[in-house]
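Enquirer: Quick note, the sequences are listed as chains A, B, C and D, same order.
Take the first sequence: its position 168, counted from the start at 1, is 170 in the numbering used here, and no numbers get skipped.
Take the second sequence: its position 115, counted from the start at 1, is 117 in the numbering used here, and no numbers get skipped.
Take the third sequence: its position 41, counted from the start at 1, is 43 in the numbering used here, and no numbers get skipped.
Take the fourth sequence: its position 124, counted from the start at 1, is 126 in the numbering used here, and no numbers get skipped.
Think of the hints as simulated: they come from the structure by calculation, not from any bench.
Watch out, some of these pointers could steer you wrong.
Because identical chains share one entry, a pair is satisfied inside a single copy or across any pair of copies.
Unchecked claim - Here are the simulated BS3-like cross-link-like pairs (lysine-lysine), alpha carbons at most 27 Å apart as the crow flies:
{"hint": "1", "residue 1": "K34", "residue 2": "K12"}
{"hint": "2", "residue 1": "K150", "residue 2": "K53"}
{"hint": "3", "residue 1": "K307", "residue 2": "K48"}
{"hint": "4", "residue 1": "K78", "residue 2": "K332"}
Number of protein chains: 4
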Amino acid sequence: MIIQLEKDIKTTQIDTISEYLATTGYSVSGVKTQFMDYLVLLGNVKHDIRKIGSLDGVADIHYVNDAYQLVSNMWKTSPTTIDLGDNIKIGANDFSIMAGPCSIEGEEQTIEVADFLVANGIKIMRGGVFKPRTSPYAYRGGGIDSLKMFYKVCQDRGLKIITEVMDASQIDDMLPYTDVFQVGTRNAQNFNLLDALGKCDKAVMLKRGMSGTIEELLQAAEYVFSSGNEKIILCERGIRTFEKAYRNTLDLNAIAILKDKSHLPVIADPSHGIGIRKYVEQMALASIVAGADGIIIETHPIPEKALSDGQQTLNFLEMQQLIKKATALKALNF
Amino acid sequence: MIIQLEKDIKTTQIDTISEYLATTGYSVSGVKTQFMDYLVLLGNVKHDIRKIGSLDGVADIHYVNDAYQLVSNMWKTSPTTIDLGDNIKIGANDFSIMAGPCSIEGEEQTIEVADFLVANGIKIMRGGVFKPRTSPYAYRGGGIDSLKMFYKVCQDRGLKIITEVMDASQIDDMLPYTDVFQVGTRNAQNFNLLDALGKCDKAVMLKRGMSGTIEELLQAAEYVFSSGNEKIILCERGIRTFEKAYRNTLDLNAIAILKDKSHLPVIADPSHGIGIRKYVEQMALASIVAGADGIIIETHPIPEKALSDGQQTLNFLEMQQLIKKATALKALNF
Amino acid sequence: MIIQLEKDIKTTQIDTISEYLATTGYSVSGVKTQFMDYLVLLGNVKHDIRKIGSLDGVADIHYVNDAYQLVSNMWKTSPTTIDLGDNIKIGANDFSIMAGPCSIEGEEQTIEVADFLVANGIKIMRGGVFKPRTSPYAYRGGGIDSLKMFYKVCQDRGLKIITEVMDASQIDDMLPYTDVFQVGTRNAQNFNLLDALGKCDKAVMLKRGMSGTIEELLQAAEYVFSSGNEKIILCERGIRTFEKAYRNTLDLNAIAILKDKSHLPVIADPSHGIGIRKYVEQMALASIVAGADGIIIETHPIPEKALSDGQQTLNFLEMQQLIKKATALKALNF
Amino acid sequence: MIIQLEKDIKTTQIDTISEYLATTGYSVSGVKTQFMDYLVLLGNVKHDIRKIGSLDGVADIHYVNDAYQLVSNMWKTSPTTIDLGDNIKIGANDFSIMAGPCSIEGEEQTIEVADFLVANGIKIMRGGVFKPRTSPYAYRGGGIDSLKMFYKVCQDRGLKIITEVMDASQIDDMLPYTDVFQVGTRNAQNFNLLDALGKCDKAVMLKRGMSGTIEELLQAAEYVFSSGNEKIILCERGIRTFEKAYRNTLDLNAIAILKDKSHLPVIADPSHGIGIRKYVEQMALASIVAGADGIIIETHPIPEKALSDGQQTLNFLEMQQLIKKATALKALNF
C-alpha cells in the first residue's frame with residue numbers, strides 16, 4: 003500500500019497520520035524523494051483504507067499487490083519519464099539510444115565517438131572508467147581523471163553521460179561529472195550501493211543480475227526509490243544459462259514483463275546480451291519490438307582495437323545502420 | 003566435408019569413389035534423400051580435396067567446419083524453402099503463420115478455427131492429437147481419429163496441417179493425414195524418432211529441447227537429414243532457466259544464430275515460450291525482427307475453455323491484431 | 003487418493019466400486035500391476051473417504067497430497083525393494099553397485115569386466131548396446147547381437163544386466179536378455195517408451211532429464227507404475243547448469259529429496275554427473291551419504307581405450323578402492 | 003607465473019628484478035601480503051624462466067597454468083591453513099564447524115547459542131548483523147551495536163566470530179569485533195569490497211555467487227590475495243538452477259574441484275544450499291565426503307521463532323546429532 007502525502011504537509015499532520023497507522027498493524031516506511039513524500043505500508047492487514055484516505059495530509063492512497071511497491075505500476079499507471087535536462091529524456095515517448103565504447107580510452111577516441119554520436123542524433127554517450135573485471139590483473143579503467151575528460155568532451159557537445167559506478171565511495175567524486183549512474187550486473191544486489199544512489203538526485207540505470215530474477219531487479223529499483231531517488235531506469239543485459247553459443251541469453255521476455263509490471267523505463271543491452279557483433283543489430287531491433295524504451299550499444303571507431311569488449315562492439319557504419327532501422331521500427335508505433 | 007553426387011551417378015562410379023575415399027582416412031557416411039545423394043566425410047584428415055572433386059560422379063564438394071554438416075550453411079549458402087504443396091511454402095521469402103488450438107477438440111471447434119484461419123489468410127493449422135503430458139493421468143489427446151477429422155476439415159479448406167508425433171510407431175498411421183510432423187521439446191533427442199522421420203518424405207518441425215543447446219538442435223536436424231529427409235524446419239520454443247515470472251525463456255538469440263549457421267527455416271513459438279497470453283504478441287513480433295521465418299501461435303475461439311494451454315492462447319481478435327502487425331513488420335524488409 | 007483393491011476381488015465388486023466412485027466427482031484411473039490392483043482418484047473433491055473404504059473389495063485407501071500418486075511415499079511408507087532374482091536386490095537394505103563400460107565392445111572386454119566384477123562382489127553389470135549420440139555419425143553401439151553376448155557372459159557368472167533401451171520398438175527383442183531397462187536422460191519424458199515399459203515385468207531405471215525437475219522424474223515413474231510395472235528405480239545423473247568446469251551438476255540435493263518423497267530406490271551416477279574420472283570416487287561416496295541406495299559407475303580395463311566416455315571411466319584399481327570405501331561408509335549406518 | 007621474493011629483499015634488488023622483467027614482455031604485478039612478497043607475471047611470453055630464477059632476491063619461481071595465480075595449487079601444493087589465533091584453525095587437518103543463527107537477535111539468544119556451541123566443542127560462531135535482503139523493507143540486521151555485543155559474548159567464551167560485511171565502508175568499524183569476514187553471494191563480484199578486504203589482516207570467507215562459476219570464485223579470491231591478504235576461505239552455498247524443489251542447488255561437484263585446483267580451504271553451507279531443515283544434515287555430511295574442510299550451519303534454540311531463515315535452521319538437538327555424525331565421518335579419514 004502506498005500513501006502519497008500532500009506537498010505542503012505539516013509535521014503535525016504527519017504525526018497524526020503516523021499515530022493512526024500505528025493502530026492498524028501495518029509496518030510503515032517513510033519515503034522522501036526529490037519529488038514527493040510517501041508512506042509505504044506492508045503487512046497482511048485487514049483495514050478499511052478509506053479511513054486512511056480521509057486523513058488530513060493524505061493526497062492519495064493506492065493498493066499495491068506486488069512484493070515491490072513504489073516501482074510497481076499498480077499505483078503509478080502511466081510510464082515514468084526521466085528528465086536528464088536540456089530536453090534529453092528517457093522513457094515513454096522518448097526513445098533513447100545510448101552508445102559509446104566499453105572503456106573510455108584517450109581523449110582523441112572520446113572526441114571521435116562523441117562527434118559521431120552528435121552527427122547521428124544520439125544524445126547519450128556511454129563509456130566506462132571504473133571497469134569490473136573478473137581478474138584482478140585486467141585493465142580496470144581510467145578512473146576519475148578519465149571521467150572528467152569524458153564529461154567535458156560530452157558537455158561541450160550537448161551529450162549526456164552514462165557511466166558505471168562500482169562502489170558507494172565513488173559517488174561523491176563522480177557526481178559532478180555523471181548524468182546517469184550505471185549499476186552493473188555484478189552489483190545488481192549491492193544494497194549499500196543502491197541505498198547510496200537513492201540519496202542522489204541523479205538518474206540511475208540498474209542492470210539485471212546475471213542470474214537475477216525480474217522481481218529481484220524490481221526490488222533493487224525499490225531500494226533506490228525508497229531511499230529517495232525516483233529517477234530509475236531498468237536494463238536487461240542477458241542472463242546466464244546453459245547455452246554457450248553466445249555470451250548471455252538476452253531475455254526479451256523480461257522486457258515485456260518489466261514494461262507491464264513497472265512504470266519505469268526499460269533499456270536493452272544487446273552488446274552484453276548476445277555479445278557477438280554481427281548479431282547485435284538484430285537483437286537491438288527485436289528488443290525495441292519487445293517493448294524497450296531504448297537501447298545501449300557499444301560502438302568504437304575500430305572495434306578490433308578497443309581496450310575491452312571489441313568482439314561485441316559495432317563500428318560506426320554498423321551503428322548508423324542500426325540507428326536507421328531502429329527509427330523505422332519506432333515509426334511503426336506498435 | 004560434403005560430397006554431392008551427380009543425379010545420374012552409376013553404381014560403378016560410386017564404387018570407385020568409395021574405394022578412393024577408403025584410402026584417405028575419412029570416415030564416410032552415404033546419405034540418400036528425396037532430392038540428392040551425398041557422402042559425408044568426417045575426420046581430422048589432411049587431404050587435397052581437389053583430388054576428390056575431380057572423381058567421376060562427384061558433382062560438388064564442400065568443406066564444412068561445423069560439428070553438424072548437411073544442415074550447415076557452409077555448403078548450402080542460400081536458405082532452404084520447404085514446399086508443402088499447393089503453393090504453400092515455409093522459409094526464405096515465404097513468411098509463415100501457423101495457428102490453431104493446443105489440442106484438437108471436437109469437429110465444431112476445428113471447423114470454427116479453420117474457417118477463421120482461412121478468412122485471415124493463414125495457410126497452416128496447428129493442433130495436437132497426441133499430447134505429451136507430464137502426468138499420466140492428464141488428457142492425452144484425441145488420437146488418430148481426431149487427426150483424421152482434423153485433416154479432412156483442413157483439406158476441405160486448402161489448409162495444411164502441423165501436428166505432433168510422439169513415437170516412431172505412430173508415423174505410418176499419421177502419414178496420410180499430416181503435412182508437417184512436429185517433434186516436441188521432450189523428444190528433441192529421441193534419436194529413433196528422428197531417424198524414422200528421416201525416412202519419410204514429409205516436412206518435420208523440430209522443437210528445441212527444454213535445455214537443448216543450439217548445436218544439439220542442429221544435430222537433431224542432422225539426424226533427420228542424414229537419414230534421408232531434407233524437409234526440416236527448426237523451432238525455438240523457450241528454454242528452462244531460473245526465471246519463474248514466465249513459462250520458458252523464449253530465446254531470440256538462438257533464432258539469430260540458427261539463421262546464421264544453418265540454411266533451414268526457423269519458426270518461433272512464443273505461446274510455449276513466454277507462455278502468458280498478454281505477452282505473446284510482443285514476443286511473436288520480436289521473433290520476426292530477430293530473424294524468424296515464421297511463428298506458430300496457439301489460438302482458440304474461447305481460450306478460457308480450451309482443453310489445454312488456455313493461459314497462453316490468443317482469441318480470434320488478438321490473433322487478427324497479431325497478423326496485422328506481423329504483416330506490417332515483414333513489410334519493413336529488414 | 004489411492005485405493006488398493008483386494009487380491010481376489012470379483013468383477014461384480016469392481017463394478018459396484020466403480021459405480022459408487024462415478025457419483026463422487028473423482029476422475030478414476032484403474033491400475034493393474036504385476037503385484038496388485040489399484041484405483042487412482044484425482045480431483046479436488048470433498049468426500050468422506052471412509053465411505054469408499056467400507057466398500058466390498060477395497061483393501062485400503064490412502065490420501066496422497068502430491069501431484070504424483072503411486073510413487074509417493076504418502077501411501078507406501080516403507081521403501082521399495084526391487085528383486086532381480088537370485089537374491090540380487092536393489093533398494094532398502096540392499097546397497098547396489100552397478101558397474102561396467104559405457105559401451106559393450108567385444109566379448110573379450112566383456113568377460114574381463116565381468117570377471118573383475120564377480121571377483122569384487124559386484125552383482126550388476128552395466129553396458130550399453132544402443133547408444134544415444136548427439137551426432138548421427140558417432141558410434142551407436144553394438145545392438146542386439148552385442149546384448150545377447152553381454153547377457154550370456156553375465157548369466158554364466160551370476161551377474162544381472164542393466165542396459166539402455168532407446169525406443170519402445172526395442173523392448174520385445176531386448177526382453178529375454180535384460181534384467182534392468184535403463185531409460186536415458188534424453189528419453190526422460192518419452193512417454194510412449196515409459197508406457198511400454200510399464201507393460202513389462204522387468205525392472206526399469208529412470209534417469210533424470212538433463213533439465214528435468216524432481217517432480218518430473220517422479221511423474222515419469224508414475225507413468226511406468228500406472229501402466230502396470232512397480233519395479234522402478236530412480237537415477238540422479240546430473241543436471242545442466244551454467245557451470246562449465248565439469249560435465250553435469252550431479253545434484254545430491256535431489257537424492258535427499260527423492261528419498262524423502264518416494265518409496266522407490268535411488269541410484270547415483272557420478273560418472274555421467276561430474277564426468278571427470280578423478281572426481282568420480284568423491285562424488286560416488288558423497289552420494290551414498292546423501293542417501294543413495296546405490297551407485298552406477300563406468301569402469302573399463304583401460305579407460306583410455308574405451309569406445310566412449312573414457313574420460314569419466316575408472317580403471318579396475320580405482321574401482322576397487324571405491325568399492326572398499328563405499329563399504330566402509332555404508333557400515334557407518336547413517 | 004609467480005615469483006616469490008626473499009623475505010629480506012632490498013629495494014635495489016627489487017629494482018634490478020623489475021628492470022629485467024621489463025625486458026621480457028610479461029605484465030608484472032607486485033603483491034605484498036602479510037606473509038610474503040610476490041611478483042605475478044602474466045602474458046603469453048616465451049622466456050627461459052631459469053634466468054629469472056637466478057636473479058638476486060628471487061626465492062622461488064613457479065609456472066602456473068591457470069587464469070588465477072596466487073590461489074592456484076600449481077605453485078602452493080600443500081593445503082593452506084588459516085590461523086584464527088588461540089589454536090583455532092581452518093583448513094587441512096583442522097575440520098571446522100561454524101554454527102549459529104542467521105541473524106544475531108538479542109543478547110540472551112546470543113548467549114544461549116554461544117553456550118551451546120562451547121558445550122559441544124564448536125569454536126566458531128556465525129551470526130549476521132548486516133543482512134542483505136531482497137526487499138528494502140525487510141529486517142536488515144542489528145548493525146554494529148549487535149556486533150559488539152556478539153563479539154563480547156564470544157570472546158568471553160573463547161569462540162571466534164564469522165559475520166557478513168556488505169560494504170567496504172563497514173570494514174573499519176567491524177575490524178576490532180570480527181575474526182572472519184564473510185562476503186555474501188550477492189557481493190561475490192563486488193571487487194571494491196574484495197580489494198578492501200585484501201588490505202586487512204583478517205580471515206575472509208568468500209561465498210560463491212548465485213550464478214558464479216568455480217573460476218569466478220577463484221578469481222574473487224585472487225582479488226583478495228593480490229590485494230595483500232592470504233587468509234582466504236572459499237564457501238560453496240548453492241547455485242541457481244531451474245529446480246524449485248529446494249532453495250539452491252548445493253553443488254558438491256564444486257567442492258571436489260575447488261579442493262583440487264586451489265590450496266585454500268573450502269567450507270560447505272548446506273543451510274543456504276538445500277535450504278530445507280530436514281535435509282541439512284544429509285547435505286552437510288555429503289559435503290564432508292566430497293572434500294569440504296568444514297561446514298557452516300544455521301542453528302537456533304527455536305528455529306520457528308528465528309528472525310530470518312528459520313525454515314533452514316537446525317535446533318540444538320539436530321545440531322548435536324550432526325556434530326556426532328560429522329565426527330564419525332571425519333574419522334574414516336577418506
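Enquirer: If you check each hint against the structure, which ones fail?
Expert: 2
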